[in-house]
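Take these sequences, add in the hints, and give me the full structure.
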Amino acid sequence: MARYLLILTVLLAASGAQAVKIADITRLSGQRTNVLTGLGLVVGLRGTGDGGDFQPAIKPLAAMLSRFADPATVRELANAANVALVTVTATVPPNGVRDGDRLDVYVTSVGAAASLKGGRLFVTPMTGPVPGGGIYALADGPVIIEDPSTPTVGVVKGGAVMEADLPARYIEDGRFSLVLENAAASWVTASAIAQIINDAMGTGETLAVTVDAKNVVVTIPPAERRSPDVFISRIQQLPVPLLPTEARVQINERTGTMVITGDVEISPVVISHKGLTITTTNPPPTPRLGAPVITESHVVPLDTTGQGGARLRDLVAALDQLKVPAEDRITIIKELHKTGKLHAKLLVE
Numbered sequence: 001m002a003r004y005l006l007i008l009t010v011l012l013a014a015s016g017a018q019a020v021k022i023a024d025i026t027r028l029s030g031q032r033t034n035v036l037t038g039l040g041l042v043v044g045l046r047g048t049g050d051g052g053d054f055q056p057a058i059k060p061l062a063a064m065l066s067r068f069a070d071p072a073t074v075r076e077l078a079n080a081a082n083v084a085l086v087t088v089t090a091t092v093p094p095n096g097v098r099d100g101d102r103l104d105v106y107v108t109s110v111g112a113a114a115s116l117k118g119g120r121l122f123v124t125p126m127t128g129p130v131p132g133g134g135i136y137a138l139a140d141g142p143v144i145i146e147d148p149s150t151p152t153v154g155v156v157k158g159g160a161v162m163e164a165d166l167p168a169r170y171i172e173d174g175r176f177s178l179v180l181e182n183a184a185a186s187w188v189t190a191s192a193i194a195q196i197i198n199d200a201m202g203t204g205e206t207l208a209v210t211v212d213a214k215n216v217v218v219t220i221p222p223a224e225r226r227s228p229d230v231f232i233s234r235i236q237q238l239p240v241p242l243l244p245t246e247a248r249v250q251i252n253e254r255t256g257t258m259v260i261t262g263d264v265e266i267s268p269v270v271i272s273h274k275g276l277t278i279t280t281t282n283p284p285p286t287p288r289l290g291a292p293v294i295t296e297s298h299v300v301p302l303d304t305t306g307q308g309g310a311r312l313r314d315l316v317a318a319l320d321q322l323k324v325p326a327e328d329r330i331t332i333i334k335e336l337h338k339t340g341k342l343h344a345k346l347l348v349e
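So for the sequence shown, my numbering puts the first residue at 1; every next one is plus one.
If you're looking for bench data, these hints aren't it; they were derived computationally from the structure. None of the hints are false.
Below are the DMTMM-like pairs computed for lysine to aspartate or glutamate, each with C-alpha atoms no more than 25 Å apart in a straight line: (1) K345 - E181; (2) K323 - E253; (3) K117 - D104; (4) K157 - D147; (5) K323 - E349; (6) K334 - E349; (7) K338 - E253; (8) K334 - D314; (9) K117 - D147; (10) K338 - D328; (11) K21 - D212; (12) K214 - D263; (13) K157 - E146; (14) K21 - E205; (15) K345 - E265; (16) K21 - E172; (17) K214 - D173; (18) K334 - E265.
What follows is the structure, encoded as structure tokens:
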């Protein structure tokens with residue numbers, strides 16, 4: 001197929017200033033999810049369990065029966081096909097949980113079970129992420145299969161009951177840390193947050209200190225330490241100007257998705273790629289339905305009234321008008337980066 005030329009040179013325009021809250025681009029250190037885990041048995045299956053040949057499931061079944069004064073040997077359970085050995089996991093939310101709270105539990109078969117449909121998770125102790133930390137929750141209940149195409153994975157809604165507190169710990173020695181989200185992390189943004197906090201508090205003291213591009217440590221004033229939650233809430237509501245982000249292009253080759261952050265510039269360049277054709281429809285002076293004048297152009301100039309580099313978003317828009325397939329767009333952008341014409345960090349998944 002013949003090659004056509006596409007010439008693109010566009011004006012880099014500045015966008016208006018915006019603001020976000022500190023809470024929108026940061027989290028509190030210690031505000032993170034944790035996972036509780038356990039190894040349990042799903043019982044009551046209709047012949048779709050692991051079967052008697054899978055010893056890791058039969059042995060705990062025999063031990064369970066022994067606890068209920070009805071002992072059975074592994075040999076006696078050789079034909080048991082109504083039991084499946086499963087991993088049991090529950091996610092503790094970022095703000096922590098308290099004794100008596102309930103969490104959803106996910107169960108996944110680890111043996112030869114064909115399906116967990118219709119089964120029930122037998123009481124399973126769940127431990128925390130740190131070995132030797134004790135039992136944090138007990139899980140049991142009916143298993144629901146959410147995806148029929150994967151019947152060996154299920155969920156027990158509200159199946160885990162917390163037996164201990166797992167509070168989120170934000171404050172240490174009268175200080176807490178604001179952790180910037182990865183997309184917003186930079187020395188410029190971290191320094192701006194620290195300055196905004198210090199100016200807003202009006203104490204004349206340096207309460208907020210930038211540790212690095214991702215962390216800002218804030219000291220709680222003595223007068224606020226009796227109600228630190230109120231102080232932290234005020235900090236989180238402070239507005240931060242939306243500073244220019246790092247120029248970055250993230251591409252998912254499998255899905256054809258492209259995300260462009262910041263005003264990504266490209267140097268003046270001529271792009272020639274297979275199949276690029278611009279078709280322009282010019283209606284005649286006296287419009288007639290069904291009779292447009294069709295002209296095809298091999299070289300297409302765009303508006304170049306400004307100075308500076310072109311913006312990648314305009315290139316992508318032009319390629320979209322040309323109906324260039326996603327895989328070809330990705331190829332073009334990768335070649336721009338390879339030749340040094342794309343002024344941004346390129347991340348390809």
